[in-house]
Each structure stands twice: as C-alpha cells, then as structure tokens.
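Chemist: Fit chain V to the known structure of chain X by using the hints.
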Amino acid sequence: KQEVTQIPAALSVPEGENLVLNCSFTDSAIYNLQWFRQDPGKGLTSLLLIQSSQREQTSGRLNASLDKSSGRSTLYIAASQPGDSATYLCAVKHGSSNTGKLIFGQGTTLQVKP
Amino acid sequence: DTGVSQDPRHKITKRGQNVTFRCDPISEHNRLYWYRQTLGQGPEFLTYFQNEAQLEKSRLLSDRFSAERPKGSFSTLEIQRTEQGDSAMYLCASSQRRAGEETQYFGPGTRLLVL
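Which chain is which? The protein sequence lines are X and V, in order. As numbered in this note's numbering, residues 1 to 114 make up the first sequence, in order. As numbered in this note's numbering, residues 1 to 115 make up the second sequence, in order.
Bound-form chain X, shown alone (with noise of 0.2 angstroms):
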C-alpha cells in the first residue's frame, strides 16, 4: 500500500530565506508526483507535476525534484515571501496511468514571517 509522508509538519522562517519542503512515498512505483498549495479553508492550487521520467521541474522560485528509486520529493523555494505562507502537499499518482487516484501526504505549514 503506497503511503506519502512529509517532514516537517509545520515549518516558521524569516521573509526571504531559501527551504525546502520534503516528501517521501514508499513505493516507487508512481505515475508521477504533483505538489500543491492550499491556502486556509480552500482548495488545492497545482504547482508542479513532474511525471516518474523527470527529475526536476521549475516555475518562477519554485523547484520540485525527484528521485523515484529512493521514493524522496523535495520542493525547494527560493527567497520566500510571506505570501508563501500556506500549506504544502505532495501527491503521488501510483502505478499506470489509468489509475486515476492521487495519494495525498499529510501537508507542510509554513509561515513565513516579514
């Protein structure tokens, strides 16, 4: 059974700091992996999705990495406002892709402090 885990739970660090959010899955055998962000009350927004061939995918200061045979993701924000503050979920898209379902992992809060 494919379970997703995210380390840490919660996250607080000053306006302009560079972090990464981490991810793991323990069964490689994914489709491809998605983040997301979910603002307090709302729904998912996607940031990134990288399918099981990549290993990395960007957009602005956002860069999502992965490594399938270890079952690690890691989303590095770089100079993070305090707009980012949010909760980050990873998702994993297991086996062929005609399985429709993405296994969530717990979420990262951050709060990024001005």
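Hints in this document: simulated from the structure, not taken from any laboratory.
Taking lysine-lysine and the DSS-like style, the derived pairs with C-alpha atoms no more than 27 angstroms apart in a straight line are:
hint : chain 1 : residue 1 : chain 2 : residue 2
1    : V       : K11       : V       : K57
2    : V       : K14       : X       : K42
3    : X       : K1        : V       : K57
4    : V       : K57       : X       : K42
5    : V       : K11       : X       : K42
Modeler: Just chain V now, kept in the frame of chain X:
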C-alpha cells in the same frame, strides 16, 4: 471563471439528515474526482469518473455515500443518514489527459459540519 466550481461552499446539517453536493468541472475535462479532507490531514480519495462511468471507488465510500455523473459533465455526491464523522471538507477535481500528462485541478471545496 472557467475553473472547477462546487456548491454549496458550506453546509451545516443535523445527524441523520441527507445532504447532496454538486461539482461542475472544467468544461473540456473528462475525468472527475471526489476527495475528503479532515482537519490537519491531506485529502483522501473517494471516487472518480471518466465521462459518466464511475471507474474506481474507495473503501471509504460506505453504502451511505453515492456519487453520480449522469451526462459526463457535472457530478453530485450524496451522503445519506449523516454522522458526525462525516464532517470534513469535500473536494472535487477534474482533469484531461494530454500527451500522457494529467494535472488535477481542484475546486474550492464544500465544508460539511454534522451536528
């Protein structure tokens, strides 16, 4: 706005009542998903449709839960005889596979409180 929409955004009900939620996906998306999220946890998969066919259901989806997507467009999720443990955020997502890639786009969710 062409994103995923959900209605209602909030629902308070008494234990034992039935509730129904609606999700309108992005118009060209053929896949639609339902997830449930409790406080401090990540979303958990409930069920998904490809067009009007319900292709997968989680064990979380007890007999009291039913989902439909009658014309392959909007979907409804009904909970019968609600229990306090049903209190959660119910999230809908839609997607369209292109060139082997599929990104799920989420709606704002329906927050359910069962008293």
